[in-house]
Amino acid sequence: MPEVFIDNERYEFEGDQMALQFILDLGMEVPFFCYHPSMSIPANCRQCMVKAGQYIKDQETGEYELDDDGNRKIRWFPKMQTSCALKLSDGMVIQTQETSEEAERAQKDTLEFLLINHPLDCPICDQAGECPLQIQTYKYGPEGSRFEVKKVHKPKRVQLGPRVTLDAERCINCTRCVRFADEISGSKQLTIVSRGDKNYPMTAPSETFDDPYSLNTVDICPVGALTSTDFRFKARVWEMNQTPSIDITNGKGCNIDLWTRDNEVLRITPRHNSEVNDYWMPDEGRKAFEQFNNNRVSRPSVKLDGDNHSNTSWNNAIETFAEALEAHAPQELLLIGSPHASVEENYAFNKFFNLLGASTAKFIPHLISGYGDDFLITDDQAPNTNGCRLISLEETDSAGIKTAVAEAEVVIILADDLVGREALSADDLSAKYTVSLATNKTLTTRASDLVIPITCVAEHAASYVNVDGRIQRSFPAKETKYTNRRLNLEMSEGRLDRYGTNFDNWVKEEHKIDCLPAWEFLNHLADRLGLEFQYDHSRTIFAELSDQIESLRGVTYERMDDEQGVQLPIEQNEVTQA
Amino acid sequence: MIEDWKSYEPLLIPDIPNLHKIDVYEENDGYSALRTVLNDQEKWSRTDVTNEVKAANIRGRGGAGFNAGLKWSFMPEPDDRPRYLACNGDESEPGTFKDRNIFEFNPHIFIEGALIAAYAMSVDTIYVYIRGEYIDWVHILEQAVEEAYDRGYLGKDILGKGIDIDLHVTYGAGAYICGEETGMLESLEGKRGYPRVKPPFPAQKGLWGNPTTINNIETLANVPLVINNGAEWYQSIGAEGHNGPVLYGISGHVNKPGVYEYPAGMSVEDLIYEVAGGIRGGKKLKALIPGGTSTPVLRADQLEGVSMDSNSLRDAGSMMGTAGMVVMDEDTDMVDLLWRISHFFHHESCGQCTPCREGTGWLEKVLLKIKNGEGEIKDLDLLLDVTTQMEGRTICALADAAAWPVRHTINRFRDEFEARCKKSVHAVA
Numbered sequence: 001m002p003e004v005f006i007d008n009e010r011y012e013f014e015g016d017q018m019a020l021q022f023i024l025d026l027g028m029e030v031p032f033f034c035y036h037p038s039m040s041i042p043a044n045c046r047q048c049m050v051k052a053g054q055y056i057k058d059q060e061t062g063e064y065e066l067d068d069d070g071n072r073k074i075r076w077f078p079k080m081q082t083s084c085a086l087k088l089s090d091g092m093v094i095q096t097q098e099t100s101e102e103a104e105r106a107q108k109d110t111l112e113f114l115l116i117n118h119p120l121d122c123p124i125c126d127q128a129g130e131c132p133l134q135i136q137t138y139k140y141g142p143e144g145s146r147f148e149v150k151k152v153h154k155p156k157r158v159q160l161g162p163r164v165t166l167d168a169e170r171c172i173n174c175t176r177c178v179r180f181a182d183e184i185s186g187s188k189q190l191t192i193v194s195r196g197d198k199n200y201p202m203t204a205p206s207e208t209f210d211d212p213y214s215l216n217t218v219d220i221c222p223v224g225a226l227t228s229t230d231f232r233f234k235a236r237v238w239e240m241n242q243t244p245s246i247d248i249t250n251g252k253g254c255n256i257d258l259w260t261r262d263n264e265v266l267r268i269t270p271r272h273n274s275e276v277n278d279y280w281m282p283d284e285g286r287k288a289f290e291q292f293n294n295n296r297v298s299r300p301s302v303k304l305d306g307d308n309h310s311n312t313s314w315n316n317a318i319e320t321f322a323e324a325l326e327a328h329a330p331q332e333l334l335l336i337g338s339p340h341a342s343v344e345e346n347y348a349f350n351k352f353f354n355l356l357g358a359s360t361a362k363f364i365p366h367l368i369s370g371y372g373d374d375f376l377i378t379d380d381q382a383p384n385t386n387g388c389r390l391i392s393l394e395e396t397d398s399a400g401i402k403t404a405v406a407e408a409e410v411v412i413i414l415a416d417d418l419v420g421r422e423a424l425s426a427d428d429l430s431a432k433y434t435v436s437l438a439t440n441k442t443l444t445t446r447a448s449d450l451v452i453p454i455t456c457v458a459e460h461a462a463s464y465v466n467v468d469g470r471i472q473r474s475f476p477a478k479e480t481k482y483t484n485r486r487l488n489l490e491m492s493e494g495r496l497d498r499y500g501t502n503f504d505n506w507v508k509e510e511h512k513i514d515c516l517p518a519w520e521f522l523n524h525l526a527d528r529l530g531l532e533f534q535y536d537h538s539r540t541i542f543a544e545l546s547d548q549i550e551s552l553r554g555v556t557y558e559r560m561d562d563e564q565g566v567q568l569p570i571e572q573n574e575v576t577q578a
Numbered sequence: 001m002i003e004d005w006k007s008y009e010p011l012l013i014p015d016i017p018n019l020h021k022i023d024v025y026e027e028n029d030g031y032s033a034l035r036t037v038l039n040d041q042e043k044w045s046r047t048d049v050t051n052e053v054k055a056a057n058i059r060g061r062g063g064a065g066f067n068a069g070l071k072w073s074f075m076p077e078p079d080d081r082p083r084y085l086a087c088n089g090d091e092s093e094p095g096t097f098k099d100r101n102i103f104e105f106n107p108h109i110f111i112e113g114a115l116i117a118a119y120a121m122s123v124d125t126i127y128v129y130i131r132g133e134y135i136d137w138v139h140i141l142e143q144a145v146e147e148a149y150d151r152g153y154l155g156k157d158i159l160g161k162g163i164d165i166d167l168h169v170t171y172g173a174g175a176y177i178c179g180e181e182t183g184m185l186e187s188l189e190g191k192r193g194y195p196r197v198k199p200p201f202p203a204q205k206g207l208w209g210n211p212t213t214i215n216n217i218e219t220l221a222n223v224p225l226v227i228n229n230g231a232e233w234y235q236s237i238g239a240e241g242h243n244g245p246v247l248y249g250i251s252g253h254v255n256k257p258g259v260y261e262y263p264a265g266m267s268v269e270d271l272i273y274e275v276a277g278g279i280r281g282g283k284k285l286k287a288l289i290p291g292g293t294s295t296p297v298l299r300a301d302q303l304e305g306v307s308m309d310s311n312s313l314r315d316a317g318s319m320m321g322t323a324g325m326v327v328m329d330e331d332t333d334m335v336d337l338l339w340r341i342s343h344f345f346h347h348e349s350c351g352q353c354t355p356c357r358e359g360t361g362w363l364e365k366v367l368l369k370i371k372n373g374e375g376e377i378k379d380l381d382l383l384l385d386v387t388t389q390m391e392g393r394t395i396c397a398l399a400d401a402a403a404w405p406v407r408h409t410i411n412r413f414r415d416e417f418e419a420r421c422k423k424s425v426h427a428v429a
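As you go down the protein sequences, you meet chains A and B in turn. Numbering-wise (the UniProt record's numbering), the first sequence opens with residue 1 and increments by one. Numbering-wise (the UniProt record's numbering), the second sequence opens with residue 1 and increments by one.
Chain A with its partners taken away, still in its complex shape (with noise of 0.2 Å):
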């Protein structure tokens, strides 16, 4: 096999790759701005310096030929290499940084010249913290500037689109968003203008950079040129706890981080997953964050006259429930689950009413035609269409949901806004009695009787199934009134977790939404009628389901987490189909 020696040690090859590449996946660190694993390499900030060079081999016996001491000899390249571009060889010599002087210098070197126009204003920059930039400046960077005259100055606070806000003097060339324009999400709507130092990333004259994935640049720039318009000055990054997640708003399920502070969602970002979304998402998704900190039902609540609901104690609200559920016969139950909701919470709901005695839940896909394009937008806005076709809710449509209305009494409805989506109407629902178990305010809970507030994807360890039939779950990020961060061993622990004191925001309660699990509040209502149902997590739910499901098999949370979620065995036209 080819070998290669980098920093006096030997590895071994395959193929084609590249030396930063090679380098970075040994666990080995060379400084790089431009280069990203998933476009073209322009070789272009020139950070990524190395000291290359051949073994030179006897061309007939094919051994390193030795000079007099005994040493191989080595030919170096003339000039130092990007190693990004560095294409490996049988028998190459490379010296990073940490062995090579004049790779340290020249990386150095770099950084003067990057840093010489930059405006170092990284106490107001909202990529301190997070900053290739400021983070290589530390480690690899010459100490102070002997940059003497002007700065260039260049256009500030340019708004490039609806969601993206460019300061160009921040800007160092790397064009990671023209080519990701150009290259992965294709609308091309951003090119580099000008020329030298005076360059910087533009769309053309009277064009919006109104890209569906236009976000994913703010991600990749490696410097504060590209910031979130929404996200600008909200808050510092070692400010908040980054919980892993998924994108709940389509049927792709990309898997995402959620920023939270003060058990609010500030920002979602994505999070590499070479299955699913490699490191991109759409901006759709990106908005989740406002549905889960505003508009939350908070308490239950009841409906008085009209449409003004009244908001109730638990122990009333379960009462309330309790007795509805008593004055009718199970027949004239009607359960409506979700797509919008997780596999345990469908399960979970499913399963106690079917103990009560009602039919199986039925449940509407979301989906609208033509939405979705070839990346990773989808027509399915449901996160979880295929998981409640996995444990064989019945499906159906808007017509069948609302002829299976009109005959029933009771309506029990799981996260989903039918009223607003237009699978019904409020006035199909005006003549019975309506229960929702909700995460937010919308027409349907308007419409309903009762509603009982449930946690949302960033309160609760669940899963979801994608359109690809790839099942992957959720961590809680954010508290809720009954929860605490350091009592739950699922919520990711951040500095103001291990630093934080009483006078931190951070432990204020008026952000903490009092609402239930689906199935602990089911564990309530069982409780009260006298079943048998408890849950303590949802990892027993989801523990009862792989036992049960032939696909789920050996299907755990730790499998998702260690392989970034599990393609189920579901066959792709069922997944497909509308």
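Note that these hints are calculated values from the structure, not bench results. Among these hints, one or two may not hold up.
Derived BS3-like pairs (lysine-lysine); straight-line CA-CA distance at most 27 Å [said to hold, decoys possible]:
id: 1; chain 1: A; residue 1: K108; chain 2: B; residue 2: K369
id: 2; chain 1: B; residue 1: K422; chain 2: A; residue 2: K154
id: 3; chain 1: B; residue 1: K21; chain 2: A; residue 2: K151
id: 4; chain 1: B; residue 1: K369; chain 2: A; residue 2: K150
id: 5; chain 1: B; residue 1: K198; chain 2: A; residue 2: K87
id: 6; chain 1: B; residue 1: K205; chain 2: A; residue 2: K154
id: 7; chain 1: A; residue 1: K108; chain 2: B; residue 2: K191
Since the structure of chain A is already known, use the hints to place chain B on it.
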């Protein structure tokens, strides 16, 4: 050193009125080299043509001085992909203005050379890229191309010999970097003129990813001479290791600036004092930039016995470049000169690579400070440091081209720069 230059008869641009017209060109043996090749494709196979040109060692006139025939031989074997010849007429370095004369006075010799090159490399499409400022010369060349199409030298079934070659003339929008060969390819593709990372080299992946060779206009104009007279004859012209006629573009403080055709290897002295009529006002020579502003400047005392060929100039401490000679008399302010050169490279850096984008501006700004009498001695050392940080660290050679003049001008005229600097505030008594 060329002694008998006075009897030299121009070959690339002979003194024939209206030679740019195809009738006149044909009357004067024009397109005979092309006919020779196409009429006897057995004797002049594609390989034979390439080998003959390789043997002649036409050193690329765009500045790098690479053997043109050898470059042709890097083209891969023909497959089903299109193949291109891209002709570089984007000469934009201050001091370089030689290709313009070919377009103006003898465009057909270039077209003929390009056709032979295209034949040798099995190329079916030729692009000519000319700087936008040369729009008048673009029109002249377009006229010539049209005539060549009318006479059957271009297009389908050239001269009835079953060869199809098309030629397109296109022009840039005023960027020096589009004269860098891969920057030119990007520009030809309609993109921003950002030079490409090599490898892959254009012969493997050039225009639209297809095999492409890039030659300078003057280089290709030499090709018909080689075919008509043979490599051996061509080798007999000029200096050892640097053959053939050269278009010397002489500018600056001389009495008769202009483009002059003489063999390679002319003595600098002859060129300045005989050919270009000497320094204006009878002043003394102070310095010479031999081949366009990117080539290191030489002091008058470094020029003794130096001739215009790559070996002699290398020994003297500079390069042949494009033979665009900038002559400077004793009144020249070297600080002003260097600032102006740096201003050019700062303005023309494409901004792709960090060291060049940031370095060129830094150099210019510090030089401006020195020019304005606000510099300090330490700034000179800073400038030299910055040139080291730029050199050899970028995708194309523009950073080198910007760094060399700074380094060499400061080193060779250090006194003058120091005299312009303030006494350093850091100096300790």
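Exercise for the section: Quickly compare the C-alpha distance for K21/B and K151/A to 27 Å and report which way the hint goes. Expected result: Violated. K21/B to K151/A sits at ~53 Å, over the 27 Å cutoff.
Exercise for the section: Mind checking the alpha carbons of K422/B and K154/A for me, to see if they're no more than 27 Å apart? Expected result: violated, 31 Å
Handout entry: Proposed proximity, K150/A with K369/B (alpha carbon, max 27 Å)
Key = Distance of about 11 Å is within 27 Å: holds.
Practice task
Decide if the proposed pair is consistent with the structure: K205/B and K154/A, CA atoms, cutoff 27 Å inclusive.
Solution key: Not OK: K205/B and K154/A at ~36 Å, beyond 27 Å, violated.
Exercise for the section: For the pair supplied as a hint, K198/B and K87/A, confirm whether the alpha-carbon distance does not exceed 27 Å. Expected result: holds, 11 Å
Practice task
Mind checking the alpha carbons of K108/A and K191/B for me, to see if they're no more than 27 Å apart?
Solution key: Roughly 32 Å between the alpha carbons, so the hint for K108/A and K191/B is violated.
Problem - Restraint status (C-alpha distance of K108/A to K369/B at most 27 Å) - result: holds, 25 Å
In the structure shown, a violation is registered for the earlier hints numbered 2, 3, 6, 7, in ascending order.
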